[in-house]
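K.L.:
Mind docking chain B on chain A? Use the hints.
For the protein sequence lines, the chains are A and B, in the order given.
Numbering-wise, the working numbering puts 683 at position 355 of the first sequence, and it's gapless, one number per residue.
Numbering-wise, the working numbering puts 843 at position 10 of the second sequence, and it's gapless, one number per residue.
Don't read these hints as lab results, they were simulated from the structure.
Just to be clear, a hint being listed does not mean it is correct.
Residues of chain A clear of chain B, computed beta-carbon distances all greater than 12 Å [said to hold, decoys possible]:
1) Gly424
2) Gly495
3) Pro509
4) Cys533
5) Asp594
6) Ser614
7) Glu667
8) Ala701
9) Glu717
Stretch-level coverage of chain A by chain B, calculated; a stretch enters the list once three of its residues show a Cβ under 8 Å from a Cβ in chain B [what the hints assert, rightly or not]:
10) 638 to 644
11) 650 to 664
12) 672 to 686
Estimated spans, in silico, between C-beta atoms of each pair [to be verified]:
13) A:Glu710 x B:Arg1257: 30 to 36 Å
14) A:Pro673 x B:Gly1039: 28 to 34 Å
15) A:Gly664 x B:Gly1074: 50 to 56 Å
16) B:Pro1214 x A:Arg470: 26 to 32 Å
17) A:Ala355 x B:Gly1258: 26 to 32 Å
18) B:Gly1259 x A:Ser539: 47 to 53 Å
19) B:Gly1033 x A:Gly608: 24 to 30 Å
20) B:Gly1111 x A:Pro673: 24 to 30 Å
21) B:Arg1184 x A:Asp381: 36 to 42 Å
22) B:Gly1074 x A:Thr551: 46 to 52 Å
23) A:Thr351 x B:Arg1292: 16 to 22 Å
24) A:Gly472 x B:Ile946: 53 to 59 Å
25) A:Ser539 x B:Pro1214: 52 to 58 Å
26) B:Gly1259 x A:Asp381: 17 to 23 Å
C-beta atoms are modelled at their ideal positions from N, C-alpha and C, and glycine is treated no differently.
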Amino acid sequence: MPRTLVVIGHGMVGHRLVTELRTRDRAGEWRIVVLAEERRPAYDRLALSSYFDGRSAAELTLADDDLLADPAVGLRLSTTATALDRTTRTVRTTDGTVIGYDALVLATGSRPFVPPVPGHDLPCCFVYRTLDDLDAIRAAARPGRPGAVIGGGLLGLEAANALRLLGMRPQVVELAPWLLPLQVDETAGALLARLVAGLGVRVHCGTATESIAPGRVRLADGTAVEADLVVFSAGVRPRDELALTAGLERAEQGGFLVDDQCRTADPHIWAIGECAAVNGRCYGLSAPGYRMAEAVAAQLLGTAEARFKGADTSTRLKLLDVPVASFGDARATTAGAVEFTHATPNTYRKLVLAPDANTLLGGILTGDTSAYALLRTLVGRELPTSPEELLGLAG
Amino acid sequence: MTGVLVIGNGPAAHRLVHRLRQLGHSGGVTVLGAEPRAAYNRVLLTSVLDGSLPPDAIALPRHPDGTRVRLGVTAVGVDRARRLVLARADDGRGMLSYRYDRLVLATGARPRIPEVAGVRMPGGRLAEGVRCLRTLADCERIGPGQVAVLGAGVLGVEAALALRRAGYEVTLAHRRAQPMGRLLGPRGGELLAERLRDLGVELELGHRAVGYAPGKLLLDDGRTLPADTLLLCTGVTPETGLARAAGLAVACGVVVDDQLRTSDPYVHAIGDCAEHAGRVSGLVESAWQQADTLARVLAGERVGHRAAKPVIRPRTPGIHIAALGTPDGGGAEVVTFSDPARGRYASLALREQRITGAVLIGLPQAIASVSQLYDRDLPVPADRLALLLGTASRRGSGALELPDDAVVCLCNNVMKRTLSDAWRGGARELPDLAAATRATTGCGGCAPDVRRLCAALERETG
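Next up, chain A with everything else stripped away, as it sits in the complex (with noise of 0.2 Å):
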């Protein structure tokens, strides 16, 4: 008689748990019941803005119809968890069905925040989240007139793209002096205003958002900026309200506490994704999410001790058609650690090394991404030649 997985949250990560369980689960240990918020499948939130640029829905869907047609796992669409006992070992849905579980995972991811300025609650005020809040922007889009993207972080730059592909004339209100503050540094972020304002969207740094009203935005410096229409990506924040009811624990910061076998202190719930907080720290990167949602897909398969060991949070993504890069230690955090630049008028490469001069820690790459791969695997080895030829510049 097979076991029963409740996982609650079909985003990318609750579906990579499905998934993984699925294809290494070959005795049908478990089946697995799946509560979709949304109306659809898992699809790739990722490359949203892509939904503007030609792609379907159906073609950034992650269940394919294999997965679907399991009849070990049993998808419920527009199903919200409202409540979980952990006595009877039951999760109650919006519909007030009450499903058992064996083993509760939650992947129920996170918010849009959206901070609380005069005006964001206006009809003109969008979230840049799920396709529905996509579908959303698309009806109140209105080419040539002018946008605000409120928020100039990954999610920001993918907005004001979402808005340029939809004819709009977009400008990118960020409270940080620069733009992508947490995944590059200043003389980076600067050149990437540059060049996205090359291709039409304005940057407005270092400047909070005080007031929105019908058809502007009013920012903390004075400015106004025109704006028809408002998405808010200033960030997001784990969702964890069933932590309440379950009496489970909560990180200073917010998202489910678990250990890095991203367990609660209740041996059946697991949390991975976004909404978990592993030893305290969130994650709001896909590569660490699957990482997570792989250690627990063994750990229900008998590994007791596979671990989330940490990941990777390199980054490299095309904004605005700019390409943007940031691995290892990129902000220079480690003691004593040196850098080393190299600019062109429409490039930014930064190397961070070790006192040593030698060792690679991590950097940045702006303009031109082509070093990434390699410069990531050396990572904490010595240069095996000079900067300049890793990064590909040697004539």
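P.N.:
The following block gives chain B in isolation, referenced to the frame of chain A:
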């Protein structure tokens, strides 16, 4: 043989007179010095300020025999039609006049006095406790107590450090965000600020001085700095009064051509008062070079002056600093090295492998090698980091391929080996490889690497 009359007795004038003799100039040479002392090397004033050299030690060698040196004589007018200079002697002899065949203006520059309330007394003289730093006399007048140095350009930084070495409590106030920021750029300036603090200099950056009263300097944010002495290091102005009054062409300095000639062919100008090719250099090295050129011109050689590339080496013992060319230097490439923990910073602006500008701090060896390359316009080696660190240049072994166990797709943990195997197994295009290995199906960022790998495999099997 022509008689040469030199107005000014600073380093430029001194060098000119010696070169003239070396070149065999046999005509008369007369030097009018406004200061009562013999010529001295102004560049070493901070060594007098910190007490490491007695005032006499910075004297320049005596002028060659036969040179008529008139000290304490201030030129007050030039009569170009009669080729006469009128001068006033401080010893009460009254007005004197000197004839010339060739006149050389080497009048230097005077300190610029900022428009700060209370700095000047009614009548224009500096108020009690306020000093400049241009002459030996300036060095001798600094009394006990706390010193505020206003202006953190090269001279201000040098002076603050010198006074600190002499045991004074020193605050260096500057209206910009970094000391010597225009020369060193923001990163270099920040590093210098840190080193100055390490050496005990208090810094007040980003504030303008708005008022002075004996004992204190008032800043624009309402605070006051202790200032028993206020030392003004707020730049200099070329001394062009005589030239202007004589009707010579003056822009910022006295305008000279490649023969260091003013708009009057019988009058030349060199050093800090001269403007050559649109620039007043302000560096003693340029003054010396101009003096060398002019000596040859006066000796009848057909030479033209070409301004040397500017190299600035502030006299800041304990902090090695060099600034070459202009900070961004119009370079097509900019390379930087920064090591804040060890007080090291370098920035090289390059065009076609040649240095167009550089800033070097805390890297004495690189200062030597980079200055050489810059001065001789030689190409820099390919390993610029090694050049800056003074280590052996590295050359690629050609082994810059990804190792087989390199993770190419981070989202899905796909190694290069897995991809190569799938490619050899027939998955030649991206979608096939994605289906076989899941690579590129996460964030998609690795797609260019997977394509490059495919191309490499194709060449290999090709």
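K.L.:
Where does the structure disagree with the numbered hints, that is, which hint numbers, in rising order?
P.N.:
6, 7, 8, 9, 16, 18, 19, 23, 26
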